[in-house]
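For the protein sequence lines, the chains are A and B, in the order given.
Numbering of the first sequence is given in this note's numbering, commencing with residue 7 and proceeding in unit increments.
Numbering of the second sequence is given in this note's numbering, commencing with residue -16 and proceeding in unit increments.
Warning: the hint list may mix true and false statements.
[Said to hold, decoys possible] Taking lysine-lysine and the BS3-like style, the derived pairs with C-alpha atoms no more than 27 Å apart in a straight line are: (1) A:Lys43 - A:Lys95; (2) B:Lys(-11) - B:Lys236; (3) A:Lys59 - A:Lys103; (4) A:Lys43 - A:Lys103; (5) A:Lys59 - A:Lys95; (6) A:Lys89 - B:Lys200; (7) A:Lys103 - A:Lys89; (8) A:Lys89 - A:Lys59; (9) B:Lys154 - A:Lys64; (10) B:Lys200 - A:Lys64; (11) A:Lys95 - B:Lys200; (12) A:Lys43 - B:Lys154; (13) B:Lys200 - A:Lys43; (14) B:Lys183 - B:Lys158; (15) B:Lys158 - B:Lys200; (16) B:Lys200 - B:Lys183; (17) B:Lys183 - B:Lys210; (18) A:Lys64 - A:Lys89.
[Said to hold, decoys possible] For each label pair, taking beta carbons as the anchor points, the in silico distance ranges come out as: (19) B:Glu38 - A:Asn13: 29 to 35 Å; (20) A:Lys89 - B:Asp88: 32 to 38 Å; (21) B:Pro251 - A:Lys59: 54 to 60 Å; (22) B:Arg177 - A:Glu28: 48 to 54 Å; (23) B:Arg229 - A:Glu51: 28 to 34 Å; (24) A:Ala12 - B:Thr271: 44 to 50 Å; (25) A:Asp72 - B:Arg179: 36 to 42 Å.
[Stated by the list, open to error] Where chain B lies over chain A, by a calculated footprint (3+ residues, C-beta under 8 Å): (26) 33 to 45; (27) 90 to 102.
Worth flagging that the hints you see were computed from the coordinates, not collected in a lab.
A quick note: this is a predicted structure, and the numbers were derived from the prediction, not measured.
Just so you know, even glycine gets a beta-carbon here, dropped at the ideal spot from N, CA and C.
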Amino acid sequence: MSQLIANVSDSTFDETVAGSAEPVVVDFWAEWCGPCKMIAPILEEIATEHAGKIRVVKLNVDDNPDVARRFDVMSIPTLIVFKDGRPQKRLIGAKGKGQLLQELTEFM
Amino acid sequence: MPDIRKVIIIGSGPAGLTAAIYSARASLHPLVIEGEPSSTSDQPGGQLMLTTEVENYPGFPDGIMGPELMMSFRAQAERFGAEFITEKATRVDLSSRPFGVWIGDREFRAEAVIVSTGATSLMLGLEDETRLLGHGLSTCATCDGFFFRGQEIAVVGGGDSALEEALFLTKFASKLTLIHRRDELRASRIMQDRARANEKIEFLWDTVVEGLLGDSKLEGAVVRNVKTGAVTTLPVTGLFVAIGHRPNTDLFKGQLDMEDNGYLVTRPDSSFTNVEGVFACGDVQDHTYRQAITAAGSGCMAAIDAERWLAAHGVH
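Here chain A stands alone, though its shape is the one from the complex:
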């Protein structure tokens, strides 16, 4: 796994996301979700290519149900972009790199 993409949990979520200078993309995922696995390498590429402009973190919904519930996540993969700790944009479902970059470009 990329060192650029940190795992966040119910207990570290607020500190990580609110404390970040860059916008943070939170990838809500789980081991049993096929489409989540397919976008993981794409998110790694985006995190690497745009390091310093945007941060990507992963949250396993199996182990961290509280944060998922707090943001009403009912489908994965869901990506939520946070700025200053507040959710700005929500992307539901797996997407290709081109489409993801297009959706994220306003934050970079």
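Assemble the complex: chain A is given as a structure, and chain B must be docked to it using the hints.
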């Protein structure tokens, strides 16, 4: 002029990846345009990426997870030199050889093309669908079932995929209603028996979904009995749709022969399409069997057909 490939394979489910394994082993260095991630079956790996346990693929007596099976297919094709692009083909020109395949404005050329683009799950076609997708309405039971623990949900459909989803979802739901437009199921006997034996599953026959309730989250489905005309509301927080598939053939309209339902036509007992040098395999040309094993079998046929056709045309 871009490089001219021997074979381009469009699509990467069991059919496309089997074609990749065979043509790679035949030293044809196939380029696989595998599609891009999505939460529908139109994605690399195809429909099996949205399933859990596959029990009927030969060679796995204890079953295997769908995504794991497809990752293994892919690894096997890579081992023999198949090359992959994780994007979607956006245009093809099959009118002259070498054939043209584009991803946006990037052009690829090949002497032979194998089409294995599969089929995508149909949606209900309701107005509220887009708004509630991912907010209670789902195309992927394995992805989203987890979020409906202890809740009352419904599955629409009557085939094997619908029952498979329903049975999987009973692990989470407190009650599951199977909504089907007729009064009998199309699903296989074994799946029907399992569903009927499951006490969480209730059947709502002769019924279609006409509307969805809820602003930011699904709160219910408006259903109509097609025999009596009675309209009622089913209070569910989750609705999973498994009402069939549509072949992914838009790319080939006007270029390859299709049946009225959009499926590609192949010459009997082969993978030949009406265009010489273009072969089709898997669900994109099969609305009868639609199994991983039949798709894989037809992918093997397409690779062998393409290899022999190329040899006969002096491409080695």
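Structure-based check of all given hints:
no., hint, result
1, A:Lys43 - A:Lys95, "21 Å, holds"
2, B:Lys(-11) - B:Lys236, "23 Å, holds"
3, A:Lys59 - A:Lys103, "17 Å, holds"
4, A:Lys43 - A:Lys103, "14 Å, holds"
5, A:Lys59 - A:Lys95, "16 Å, holds"
6, A:Lys89 - B:Lys200, "24 Å, holds"
7, A:Lys103 - A:Lys89, "21 Å, holds"
8, A:Lys89 - A:Lys59, "12 Å, holds"
9, B:Lys154 - A:Lys64, "26 Å, holds"
10, B:Lys200 - A:Lys64, "24 Å, holds"
11, A:Lys95 - B:Lys200, "17 Å, holds"
12, A:Lys43 - B:Lys154, "22 Å, holds"
13, B:Lys200 - A:Lys43, "26 Å, holds"
14, B:Lys183 - B:Lys158, "5 Å, holds"
15, B:Lys158 - B:Lys200, "19 Å, holds"
16, B:Lys200 - B:Lys183, "23 Å, holds"
17, B:Lys183 - B:Lys210, "25 Å, holds"
18, A:Lys64 - A:Lys89, "16 Å, holds"
19, B:Glu38 - A:Asn13: 29 to 35 Å, "33 Å, holds"
20, A:Lys89 - B:Asp88: 32 to 38 Å, "33 Å, holds"
21, B:Pro251 - A:Lys59: 54 to 60 Å, "56 Å, holds"
22, B:Arg177 - A:Glu28: 48 to 54 Å, "50 Å, holds"
23, B:Arg229 - A:Glu51: 28 to 34 Å, "31 Å, holds"
24, A:Ala12 - B:Thr271: 44 to 50 Å, "49 Å, holds"
25, A:Asp72 - B:Arg179: 36 to 42 Å, "38 Å, holds"
26, 33 to 45, "holds (count 9)"
27, 90 to 102, "holds (count 5)"
Checked against the numbered hints above, the structure violates none of them.
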